[in-house]
Amino acid sequence: MAEIAEGGGGGHKGGKKRAKKQSTRIDMTPMVDLAFLLLTFFVLTSTFSKPKSMELTFPVDDKDQPEIKNEVKNGITFLLTKDDKIFYYEKEFKGKDQPEPTQLKELSFDQSSLHKYLADKNKWATDQIKTLETQFKSKQLVDSVYKRKVREVKADKESPTFLIKTDDKASYKNVIDLIDELNINLVGKYVVIDMLKSELELVNEKTGGTP
Amino acid sequence: MSKKPSKGGAPALDMTPMVDLAFLLVTFFMLTASFRMAEPVTVDPPSSIGEITLPDNHIMVTIDNTGRAFFGISNAEAKVNALAKMSEKYKVSFTPEQIKKFSGLPSFGVDIKDLPNYINASENERITFKGQKGIPLDSTNNQLKDWISNGGAEAVRIYERAKDKAKEANQELKAEKPRYAIKCDGKTKYIFVKDVVKAFTDLKIYQFNLITGLEAKPTN
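Protein chains in written order, with our numbering: chain A, 1444 to 1654; chain B, 11 to 230.
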């Protein structure tokens, strides 16, 4: 039994000495101390959580194929640049020589701006997925069908395709934040690609930077 | 309440269960703990709602906030084999001792010519190692690409071998396919990431796990 060893206190009632019956208790305090020391050490040094990650697929960089990237009809392009600035335009890019040249609009990374914009743009898909989710939760849909349908909705032509383009000064955090925001809004189609020269010029015009 | 504690003396407390538990926990933590060596740089990745845990079998490129690239393979065997191929290509030789030491390193960011010295250095010296400028990845001297290519090929080969073995023995496959991961500091300019991604896409690798800190999903 592990008991706190008493310093020969109340063990001798009645004044009789019974040397032979003296208990063989060992003072376990140092051992327990050590055990807890080790425990503390391992608790503090162990890392339980493995790092989390997000999966991202980059487009195939095929030089033989003609540029099809910018012919996305239902596309929204985000342009990221320095100072956490984010610009966007909808539909395809139109140069200055074309009628109705593309104008950049600005968004910011706080909740009200970007989140609202994306929620609005992707409303169709979000609503569809929410209905599917309620159906799934009420056991009207099986797991595999639900997953397939969500995938179909995300890949549907109705929902816009988002293009993420960065210039040289944008930070990695902004890119991740934007992708994350797209994921939160259940956007299925987005891609990270290089910025066009004409787009870069527009961005520089807006930020007043030099190319 | 038949037994009254003796006056003056300390109350006897049965500590057996507590000590039992303490030792149980010590044993548990001791057995589960895997000691890692310190990473050469600390990077603070941005957070996201991504919930995919990084697979154990991975090839990771770390980019710090100044744009230096570091390379690491989780599988020690693949790492050693990749080193052998790299040493052949770049004509840098390693002693068996250095190879053994290298297999325990988490990740490194030095030119292969500096690698022998880097391995010889002590753990503390490595942090302040002068040649630690990141693995070169410009078009004339793209060592990172070679590391990824050799390391990836080796990791896949080891995985295939484990798969065949499991098939032969009719056992469940325990090994997982190697994944490519990028861990990058939030403050890093995206252009550095682009360079690293370019090294991967040149090798026809398009899918990555971007390591991020965990963030709670907004609930509206």
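By construction, these hints were calculated from the structure, which means they are not laboratory data. For glycine and all other residues, C-beta sits at the position ideal for the given N, C-alpha and C. One should not assume that every hint holds.
[To be verified] Here's a subset of chain B near chain A, in silico, CB distances under 7 Å, partners left out:
| hint | residue |
| --- | --- |
| 1 | P27 |
| 2 | L31 |
| 3 | L35 |
| 4 | T37 |
| 5 | V53 |
| 6 | P56 |
| 7 | Y169 |
| 8 | T211 |
[As the list claims (entries may be wrong)] Restricting the straight-line Cα-Cα distance to at most 30 Å, the calculated cross-link-like pairs of lysine-lysine (DSS-like) are:
| hint | chain 1 | residue 1 | chain 2 | residue 2 |
| --- | --- | --- | --- | --- |
| 9 | B | K187 | A | K1525 |
| 10 | A | K1600 | A | K1573 |
| 11 | A | K1592 | A | K1566 |
| 12 | A | K1534 | B | K187 |
| 13 | A | K1597 | B | K177 |
| 14 | A | K1495 | B | K197 |
| 15 | B | K111 | A | K1493 |
| 16 | B | K204 | B | K173 |
| 17 | A | K1600 | B | K214 |
| 18 | A | K1493 | B | K143 |
| 19 | B | K204 | A | K1559 |
| 20 | A | K1495 | B | K123 |
| 21 | B | K204 | A | K1493 |
| 22 | B | K173 | A | K1649 |
| 23 | B | K111 | A | K1632 |
| 24 | B | K173 | A | K1640 |
| 25 | B | K101 | B | K208 |
| 26 | A | K1493 | A | K1632 |
| 27 | A | K1612 | B | K197 |
| 28 | B | K101 | A | K1495 |
| 29 | B | K187 | B | K173 |
| 30 | A | K1495 | A | K1649 |
| 31 | A | K1597 | B | K214 |
| 32 | B | K199 | B | K184 |
| 33 | B | K99 | A | K1640 |
| 34 | A | K1597 | A | K1493 |
| 35 | A | K1493 | B | K214 |
| 36 | A | K1640 | B | K208 |
Holds or violated: K173 (chain B) to K1649 (chain A), with C-alpha atoms at most 30 Å apart: violated (55 Å)
Are K204 (chain B) and K1493 (chain A) close enough, with their CA atoms no more than 30 Å apart? holds (25 Å)
With a cut-off of 30 Å on the C-alpha distance, tell me whether K111 (chain B) and K1493 (chain A) pass. holds (24 Å)
Within 30 Å, alpha carbon to alpha carbon, are K111 (chain B) and K1632 (chain A)? It is violated: about 45 Å lies between the C-alpha atoms, which goes past 30 Å.
Restraint status (C-alpha distance of K1597 (chain A) to K214 (chain B) at most 30 Å): holds (26 Å)
Does the alpha-carbon distance linking K204 (chain B) and K173 (chain B) stay inside the 30 Å limit? Status violated; Cα separation ~34 Å.
Minimum beta-carbon distance criterion (7 Å), Y169 (chain B) to chain A: violated (19 Å)
Is the straight-line distance between the alpha-carbon of K173 (chain B) and that of K1640 (chain A) 30 Å or less? violated (47 Å)
Are the Cα positions of K1612 (chain A) and K197 (chain B) separated by 30 Å at most? Judged against 30 Å, a Cα distance of about 11 Å means the pair holds.
Between K1495 (chain A) and K197 (chain B), does the CA-CA distance stay at or below 30 Å? With a Cα-Cα distance of about 19 Å, the restraint between K1495 (chain A) and K197 (chain B) holds, given a limit of 30 Å.
Quickly compare the C-alpha distance for K1534 (chain A) and K187 (chain B) to 30 Å and report which way the hint goes. With a Cα-Cα distance of about 39 Å, the restraint between K1534 (chain A) and K187 (chain B) is violated, given a limit of 30 Å.
Straight-line alpha-carbon gap K1493 (chain A) to K1632 (chain A), limit 30 Å: holds (28 Å)
In summary, the structure is inconsistent with hints 1, 2, 4, 5, 7, 9, 12, 13, 16, 20, 22, 23, 24, 28, 30, 32, 33 from the numbered list given earlier, while agreeing with the others.
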